Amino acid sequence: MGKKSCSQVAEDVIATINETEKAIKELTTIQDIKLLNYADWKIACCGRRAKGYTGSDLLFEAITQILEGRRRWRKNKVDFFGHFRGAIRSIASHFGDNFDDKVFFESEVSVTTEKGEIQSPINKTPSPATNQEENLATKQHLEEIEKLFSEDVLVLQIIEGLGCKMTGPEIQEVLNVSQKEYETAMKRMRRKVPKIIMKEKNNG
Amino acid sequence: MDNQRNYKQELKAIMDALAESVIDSTDEEILEEVREDGLQPEAIAKQVREILLSSVKKYRKRNLLEAKGKYQDSVSKIQTGKCDLPSTPEECRSLLSYIFNFKPQIRKMVTAQFRDFNELSDADVKSLLNQLQKLGVLKDIKG
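Just so you know, the protein sequences line up as chains A and B, in that order. Counting in my numbering, the first sequence runs from 4 upward without gaps. Counting in my numbering, the second sequence runs from 94 upward without gaps.
Honestly, the hints are just simulated from the structure, not real lab data. Fair warning: there could be bad hints in the mix.
[What the hints assert, rightly or not] Between beta-carbon pairs, the in silico distance windows are: (1) A/Glu173 x B/Lys154: 25 to 35 Å; (2) A/Ala140 x B/Ala160: 46 to 56 Å; (3) B/Glu125 x A/Glu154: 21 to 31 Å; (4) B/Asn211 x A/Glu14: 56 to 66 Å; (5) A/Asn21 x B/Glu159: 16 to 26 Å; (6) A/Glu71 x B/Ser190: 48 to 58 Å; (7) A/Arg73 x B/Lys154: 16 to 26 Å; (8) B/Glu125 x A/Val16: 35 to 45 Å; (9) A/Asn21 x B/Glu143: 48 to 58 Å; (10) A/Thr57 x B/Asn99: 22 to 32 Å; (11) A/Arg75 x B/Asp217: 50 to 60 Å; (12) A/Gln135 x B/Ala136: 36 to 46 Å; (13) A/Glu149 x B/Asp120: 28 to 38 Å.
[To be verified] In the DSS-like style, the derived pairs of lysine-lysine whose C-alpha atoms are separated by at most 30 Å in a straight line are: (14) A/Lys54 x B/Lys151; (15) A/Lys190 x B/Lys139; (16) B/Lys150 x A/Lys80; (17) A/Lys78 x B/Lys151; (18) B/Lys150 x A/Lys25; (19) B/Lys154 x A/Lys28; (20) A/Lys142 x B/Lys105; (21) A/Lys54 x B/Lys139; (22) A/Lys80 x B/Lys154; (23) B/Lys101 x A/Lys183; (24) A/Lys168 x B/Lys105.
Computed from a predicted structure; not experimentally measured. Note that the Cβ used here is the ideal one computed from N, Cα and C, for glycine as well.
So that you can see chain A by itself, here it is in the shape it has in the complex (with noise of 0.2 Å):
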């Protein structure tokens, strides 16, 4: 295999701090909405290694960071929202680099009695129980989306797929469904799995 000469290999053209600009001005419509929507979803993968951020949050991070060039954007070789989608992905993917389990913040220990007294057991050690408690509540999650799809075959069947690490085109081979088939079955996921994730949250 020859090795490409000096000519055709082409330079890194980094984005200016107007281009990046202009190119963030220039977004449709539906390119924003998609941008938050995929920020909100990244999120919701974090859990609680998060650590409360949101889906904005994740955006505002993002696009700072490419604006002070630890993710240059390369514009001769992507497009900016390709490139600002792969900045998300990539920070989402290390969010919580460090993160304990076993480390809670004090405000998700705290409970409030009936009389409204929060106690916090703040003095206390958390125990290992707690992140049992916590792979408990996963496995509920689970179970819930499970039991929402219950009559919903091939969303089960998809989730099974994502549980063995499958890809969406590997899923969708395996059961021989088409590319819009499958994106309608992630389209009902979306409109009804936020309600587990936010009553979740809601409940605290």
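Following the hints, complete the assembly by docking chain B onto the known chain A.
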């Protein structure tokens, strides 16, 4: 069987797949979902735009403040810079002569004002060295 399942991994995989499905959705699907939620697409887009552009504005402002800070530091150093020049007039004159040899363009500037190096009084020599000190010229030479 349950204890062999990684619930966190499974839930994360679902959320990840739902995130990617957003990107793959058609424009019509996105608009339909927004309207089903009782929201206005343009309002959401405006919210996103404001988040992104506020970061640009903050970044530009921070850059400006940093540049201003550096400028003020430089000015402050010039204004408060202590002179560690030679103590005797002879030594000062030797230093100035050395500077003129090292940087001829400075000699030209000085002789434009004073016809001859020898015409410079001790006070003129000291004053010139002070000015060159504050402008950082001496740093190169002493280095």
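Fill in: 30 Å limit on alpha-carbon distance, applied to hinted pair A/Lys54 and B/Lys139
26 Å, holds
Fill in: A/Lys142 paired with B/Lys105 [C-alpha distance capped at 30 Å]
12 Å, holds
Worksheet item: Going straight from one Cα to the other, do B/Lys150 and A/Lys25 come out at no more than 30 Å?
Response: 13 Å, holds
Worksheet item: Given the proposed pairing of A/Lys190 with B/Lys139, does the C-alpha separation stay at or below 30 Å?
Response: 24 Å, holds
Item to complete: Look at the Cβ atoms of A/Glu71 and B/Ser190 and judge whether their distance stays inside 48 to 58 Å.
Response: With a Cβ separation near 49 Å, A/Glu71 and B/Ser190 satisfy 48 to 58 Å, so the hint holds.
Worksheet item: How does the Cβ-Cβ distance of B/Asn211 and A/Glu14 compare with 56 to 66 Å: does it lie in that range?
Response: 57 Å Cβ-Cβ, so the 56 to 66 Å window holds.
Fill in: Supplied distance hint 22 to 32 Å, evaluated on CB atoms of A/Thr57 and B/Asn99
The hint (22 to 32 Å, Cβ to Cβ) holds, given that A/Thr57 and B/Asn99 are roughly 26 Å apart.
Worksheet item: So does A/Gln135 sit 36 to 46 Å from B/Ala136, Cβ to Cβ?
Response: 42 Å, holds
Fill in: Consistency of beta-carbon spacing, B/Glu159 to A/Asn21, with hint 16 to 26 Å
For A/Asn21 and B/Glu159 the Cβ distance comes to about 18 Å; the hint holds.
Worksheet item: Has the hinted range 16 to 26 Å been met by the Cβ atoms of A/Arg73 and B/Lys154?
Response: 18 Å, holds
Worksheet item: Holds or violated: A/Lys168 with B/Lys105, Cα cutoff 30 Å?
Response: This hinted pair holds, its Cα atoms lying about 10 Å apart.
Worksheet item: Is the straight-line distance between the alpha-carbon of A/Lys54 and that of B/Lys151 30 Å or less?
Response: 23 Å, holds
In terms of the numbered hints stated before, the structure departs from hints 1 and 9, listed from lowest to highest.
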